[in-house]
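All chains should be modelled from the sequences, with the hints used to inform the complete structure.
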Amino acid sequence: GAVVSQHPSWVICKSGTSVKIECRSLDFQATTMFWYRQFPKQSLMLMATSNEGSKATYEQGVEKDKFLINHASLTLSTLTVTSAHPEDSSFYICSASLAGGAHEQYFGPGTRLTVT
Amino acid sequence: GQNIDQPTEMTATEGAIVQINCTYQTSGFNGLFWYQQHAGEAPTFLSYNVLDGLEEKGRFSSFLSRSKGYSYLLLKELQMKDSASYLCAVRDILTGGGNKLTFGTGTQLKVEL
Numbered sequence: 039g040a041v042v043s044q045h046p047s048w049v050i051c052k053s054g055t056s057v058k059i060e061c062r063s064l065d066f067q068a069t070t071m072f073w074y075r076q077f078p079k080q081s082l083m084l085m086a087t088s089n090e091g092s093k094a095t096y097e098q099g100v101e102k103d104k105f106l107i108n109h110a111s112l113t114l115s116t117l118t119v120t121s122a123h124p125e126d127s128s129f130y131i132c133s134a135s136l137a138g139g140a141h142e143q144y145f146g147p148g149t150r151l152t153v154t
Numbered sequence: 084g085q086n087i088d089q090p091t092e093m094t095a096t097e098g099a100i101v102q103i104n105c106t107y108q109t110s111g112f113n114g115l116f117w118y119q120q121h122a123g124e125a126p127t128f129l130s131y132n133v134l135d136g137l138e139e140k141g142r143f144s145s146f147l148s149r150s151k152g153y154s155y156l157l158l159k160e161l162q163m164k165d166s167a168s169y170l171c172a173v174r175d176i177l178t179g180g181g182n183k184l185t186f187g188t189g190t191q192l193k194v195e196l
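As they're listed, the protein sequences go chains A and B. Letter by letter, the first sequence follows residues 39 to 154 in my numbering. Letter by letter, the second sequence follows residues 84 to 196 in my numbering.
Hints should not be assumed to be uniformly reliable.
Within a straight-line C-alpha distance of at most 20 Å, the following computed EDC-like cross-link-like pairs (lysine to aspartate or glutamate) qualify [unchecked claim]:
(1) LYS79/A <-> GLU160/B
(2) LYS79/A <-> ASP165/B
(3) LYS79/A <-> ASP88/B
Pulled from the structure, derived: some chain B residues nowhere near chain A, Cβ distances all over 12 Å [stated by the list, open to error]:
(4) ILE100
(5) GLU124
(6) SER144
Hint data in this document are derived by calculation from the structure and do not stem from the laboratory. All of these numbers come straight from a predicted model, not from anything done at the bench. C-beta: ideal position from N, C-alpha, C; glycine also.
Given below as structure tokens:
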């Protein structure tokens, strides 16, 4: 149980275009989903916390107009990287917590974004 | 904010035991997690400690001392497949609705023959 999927697993896009990444909890309802970014040989950096039906809470230094997050249902959150630039190239990972739960986050397999 | 410190890298021998330490500072401690991450993959959950003491799960054990802001992950009978990055993460009840994790930089473990 507690499986989280992400789509796509990897994507290459041109500078200036937008890319949408989906995060789904497959066998549980996730009140809260988290979006992380990880650069090579670095740890996970939380970008934003996404709660179903409300606006996401962004971490300091993360541009909310550039990284659009939508959490329309208890099983789906999306991250859209708008007007992507090469410096946005990174490994984007989502995680989800069980509704009302207080234990571990379950991570998706990640999405490798390369902006050319 | 939170400060989480781990060694950057460690090397150990197959079949041996290795201990990875993590120290943290946080104002509203609400649990500590250990994750394993292989290169290019998402982290996988290993252990969770919220009370002082040792939690054992097969070849992996994790220890917590809240008064010292200290945890360690113990890996026994090391196997080559244990070569990975091990991430210490702390949850703070005062941030992110009490479920936000802050990760350390990770410890890259290399298991050698």
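Violated hints - listed by number, lowest first: 1, 5
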